[in-house]
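J.: The listed protein sequences derive, respectively, from chains B and E. Count the first sequence with numbering that gives the first Met the number 0 and you get residues 0 to 180, in order. Count the second sequence with numbering that gives the first Met the number 0 and you get residues 0 to 459, in order.
To be clear, the hints were calculated from the coordinates, so they are not data collected in a lab. Keep in mind that a hint or two might mislead.
[To be verified] Partial list, computed: chain B residues near chain E (C-beta under 8 Å):
no., residue
1, Cys73
2, Ala105
3, Leu111
4, Arg128
5, Leu133
6, Thr140
7, Leu142
A virtual CB, placed ideally from N, CA and C, is assigned to each residue, including glycine.
Given next are the chains, with one letter for each unit.
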Amino acid sequence: MKQLMQQVRELGRVTGAPLLVRGTVFLAAFAGLLLAAPSGMPSQALLGFFVLAVYPALLPGGAAPLVVMLATICLWLADTLLFLAQPSLGRLLGTAAALYLLHSGAALAAVLPYDAIVDNQVLLRWAGRAALVLAATGVLTLLLVNVLPGLYITTPTVALVIGLAVVAGAVALLTRLGRRP
Amino acid sequence: MAQPAEGDLEPVASTDTGDNWAPTRALGRAVLLAGLLLVAAVLLGRTELVILAAPLALSVAFALGKRPRTLPGLRLSTVESFPVEGGDLGATVEVENRDTVGYDLTVVQLQHSPWLRLEGGADPNAPRRGPRGGNRPYVTFVPRGVATAVELAGPAVRWGRHWLGPASAHAVAADGLLVSRAVVTGALGVKVYPLTDPFKADEAMPRAAGLVGQHRSRRPGEGGELAGVRQFAPGDRLRRVDWRVSLRTERLHVAATLSDRDAEVVVLLDLLADAGRSEGVGGTASVLDRSVRAAAAIAEHYLHRGDRVSVLEYGAQARRLRPASGRRQYLTVLEWLLDAHPSPTAQERGGAQLAAGISSAALVVVLTPLLDARSAAMLAGLSRSGRFVVAVDTLPSDLTSPTVNSWTDLSHRLWRAERENTMGQLGEHGVPVVAWAGAGSLDAVLRDVSRLAAAPKAVR
Numbered sequence: 000m001k002q003l004m005q006q007v008r009e010l011g012r013v014t015g016a017p018l019l020v021r022g023t024v025f026l027a028a029f030a031g032l033l034l035a036a037p038s039g040m041p042s043q044a045l046l047g048f049f050v051l052a053v054y055p056a057l058l059p060g061g062a063a064p065l066v067v068m069l070a071t072i073c074l075w076l077a078d079t080l081l082f083l084a085q086p087s088l089g090r091l092l093g094t095a096a097a098l099y100l101l102h103s104g105a106a107l108a109a110v111l112p113y114d115a116i117v118d119n120q121v122l123l124r125w126a127g128r129a130a131l132v133l134a135a136t137g138v139l140t141l142l143l144v145n146v147l148p149g150l151y152i153t154t155p156t157v158a159l160v161i162g163l164a165v166v167a168g169a170v171a172l173l174t175r176l177g178r179r180p
Numbered sequence: 000m001a002q003p004a005e006g007d008l009e010p011v012a013s014t015d016t017g018d019n020w021a022p023t024r025a026l027g028r029a030v031l032l033a034g035l036l037l038v039a040a041v042l043l044g045r046t047e048l049v050i051l052a053a054p055l056a057l058s059v060a061f062a063l064g065k066r067p068r069t070l071p072g073l074r075l076s077t078v079e080s081f082p083v084e085g086g087d088l089g090a091t092v093e094v095e096n097r098d099t100v101g102y103d104l105t106v107v108q109l110q111h112s113p114w115l116r117l118e119g120g121a122d123p124n125a126p127r128r129g130p131r132g133g134n135r136p137y138v139t140f141v142p143r144g145v146a147t148a149v150e151l152a153g154p155a156v157r158w159g160r161h162w163l164g165p166a167s168a169h170a171v172a173a174d175g176l177l178v179s180r181a182v183v184t185g186a187l188g189v190k191v192y193p194l195t196d197p198f199k200a201d202e203a204m205p206r207a208a209g210l211v212g213q214h215r216s217r218r219p220g221e222g223g224e225l226a227g228v229r230q231f232a233p234g235d236r237l238r239r240v241d242w243r244v245s246l247r248t249e250r251l252h253v254a255a256t257l258s259d260r261d262a263e264v265v266v267l268l269d270l271l272a273d274a275g276r277s278e279g280v281g282g283t284a285s286v287l288d289r290s291v292r293a294a295a296a297i298a299e300h301y302l303h304r305g306d307r308v309s310v311l312e313y314g315a316q317a318r319r320l321r322p323a324s325g326r327r328q329y330l331t332v333l334e335w336l337l338d339a340h341p342s343p344t345a346q347e348r349g350g351a352q353l354a355a356g357i358s359s360a361a362l363v364v365v366l367t368p369l370l371d372a373r374s375a376a377m378l379a380g381l382s383r384s385g386r387f388v389v390a391v392d393t394l395p396s397d398l399t400s401p402t403v404n405s406w407t408d409l410s411h412r413l414w415r416a417e418r419e420n421t422m423g424q425l426g427e428h429g430v431p432v433v434a435w436a437g438a439g440s441l442d443a444v445l446r447d448v449s450r451l452a453a454a455p456k457a458v459r
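Please build the complete structure, drawing on both the sequences and the hints.
T.: Set out below in structure tokens:
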């Protein structure tokens, strides 16, 4: 009981900027889940999505963002593989942006103490970087759409092996960047 | 007069071992998800999964292209300008980025005493919104090669020795994927002097003893106060000759004056017990607060008049400040008072023992809440040994005891009555007890004490 009272007292110390970032995390998570979910979901699912989206906003430093991002990807795969839906380009880009914003927002929220007084420039720069990354993704998407015959292609075995090698190379590069002193 | 005080800690020399910066959970998450999505894209042959993975992979590649290596530099400084209670105090925490890569943000946290109400932000000119202050972290942007200062300012609300610091900072770079080790500075001590209640006493000192001073003494000598006219005697100064009287009487007469003397004032602080709640300047005051502020006011008043003042502590530590005069002594008294803490003790010296260290001509002002029976005994002992004692009651008048049961009020009243009885008994012993009320509160009592001092005394 004493601990609860202490936590309630500490709620009064919450400042605007961390609240804004966590709000963004919630919105991104909720929007991602809604966009990725197959159409015709029951209304109870909306409540579930809501609760699931609150989770990373409350605990951005833990495994919550990863769980919600995995859930979003699973919903997307279920819709496209099981229900054989053909999602539009807008829906695809929206989901990608929501996934990225959830990841980036949670990374920022995890390093911002909840009662911190935050310089506006920090948030503006962060938003600028996020916009840059999303713009680059948009350009990449347009390139892929124009170069490849379609969004959904069946790959021959040779292409599969080459693709896997490319993926392994990309992941190794990213990991090496992370570990590099 | 201001003197800068700084607590500076250079970070450990940066090494390229990579220990200074650690990856966050976000880095692992981005790499894992991007990898999973790309593998799934290839296995399932779905390009759309590449697009889902693209922003994650791109952001990691952008962010880790340039990595920071050195730790941020941190510096804590304050300008100490002898603040008194309620006065403003300023502190600056400076974060320096000595790297070739800008930090996304730096989280700066400054610990300080709760009696220092320091507030501020990264931009001191920014309009203030919402609740602020109270050991909050400050998040600021630090570009490469630039130092950013977080300015904090606010009042120090209570006297004493307060601590400012340590300050700590950790930087976040690469879009929140890397976080640095925390850098910590040392702590600074801040002295806040007690606010002196206005105090003024016009009455003569009971027995002025020194050679110089402002008090009219009862001894003839060189001075400004006319004592009478008498016949010239060998040794008298010619400029003292009263020519008008001499011409009239046809004998040389001189004007005799009373000498001007200084006096010794001993301020005795009873620190056996404390009571009440201290809320700093402007709030309710505890016994200790009242005692210290009253002692500072009394010392300021008498030192300003050129008297010698010494301060004694009645408690476990039994500290003592030698008598001296002047502004320097005033500053020493203030410094001495900063270390006054309630110090209950089982064995305490009696009034007679205390009196042995006090000049017989000194005026002893005892600041006591009269909460301990030994305090009353000490006062009586001092008075018995022939010192001029005035007791100043420092118990706050609005002191209330927490209600435990229906008997609380009655017992409180009984205790009050008993205390008044003790004060009455002390009065009979020749120790006047006055409640501290600032300016003029000692005047009436000092007048009585002067009269007592002038009266002939039976020698025992």
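J.: Determine for every hint whether it applies to the structure shown.
T.: Checked hints:
| no. | hint | verdict |
| --- | --- | --- |
| 1 | Cys73 | 11 Å, violated |
| 2 | Ala105 | 7 Å, holds |
| 3 | Leu111 | 6 Å, holds |
| 4 | Arg128 | 6 Å, holds |
| 5 | Leu133 | 6 Å, holds |
| 6 | Thr140 | 5 Å, holds |
| 7 | Leu142 | 10 Å, violated |
Comparing the model with each earlier hint shows violations of hints 1, 7; every other hint is respected.
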